[in-house]
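Mapped onto the working numbering, the consecutive letters of the sequence shown carry residue numbers 311 to 502.
Hints listed in this document are in silico derivations from the structure and should not be mistaken for laboratory results.
Each computed EDC-like pair below joins lysine to aspartate or glutamate, with the alpha-carbon atoms no more than 16 angstroms apart: (1) K430 / E486; (2) K430 / D440; (3) K374 / D323; (4) K480 / D323.
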Amino acid sequence: MGNENNNSVNLADPAAFGVFGLAMATLVASSEKLGLTEGTGGLLPWVIFLGAFAQVIACSIEFKRNNIFAATAFGAFGLFWFAVGMTWYFGYNIEQFGFAVLGYFIFGIYMTYAAASINKAFLSIFVTIDLLLGALLFQIFAGGPALLSGIMELSVAVTGFYTSAAIVLKNMAGFEVIPLGKPILKLKKIEF
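Build the full structure now, drawing on both the sequences and the hints.
Okay, here's the thing in structure tokens:
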């Protein structure tokens with residue numbers, strides 16, 4: 311998931327695992343918004359164990375691999391799923407949740423810019439996350455339909471499963487079996 315700088319420790323790339331966790335959590339969570347299931351209680355194990363724990367585990371490995379982008383992305387979204395799970399469990403004020411979504415939307419915008427320098431697969435994940443967060447803001451603050459949020463959440467799951475599969479197969483085969491796509495942006499490191 312980006313910086314492959316691995317000077318001191320030889321650790322496997324945890325990105326496939328973290329992205330799989332994201333894909334599973336959003337797939338299961340989308341079922342409620344799409345009207346396929348009811349309530350959030352049955353979603354809790356999936357968002358806590360896969361959305362939260364899987365991404366926090368991936369985050370900790372990415373920090374050890376000195377990959378700030380992946381560590382930040384997995385850590386922030388892993389903690390997001392912990393917070394969402396707690397919010398569903400204990401009940402919540404929808405406007406307060408809306409401000410949390412707004413904060414993650416801001417985070418998502420600059421992480422999307424950074425993802426454009428990695429590959430098109432990660433860029434597509436972040437674009438769909440931005441669309442999901444925008445749909446949630448529309449739903450919370452303007453009464454937009456939950457169906458739109460559900461469709462956007464499902465699109466995050468689809469791009470996540472694709473990217474996870476591409477990473478697993480690339481690491482096993484030694485070449486891209488499923489294309490990840492070349493980066494569309496080159497960031498230059500500036501020394502201060």
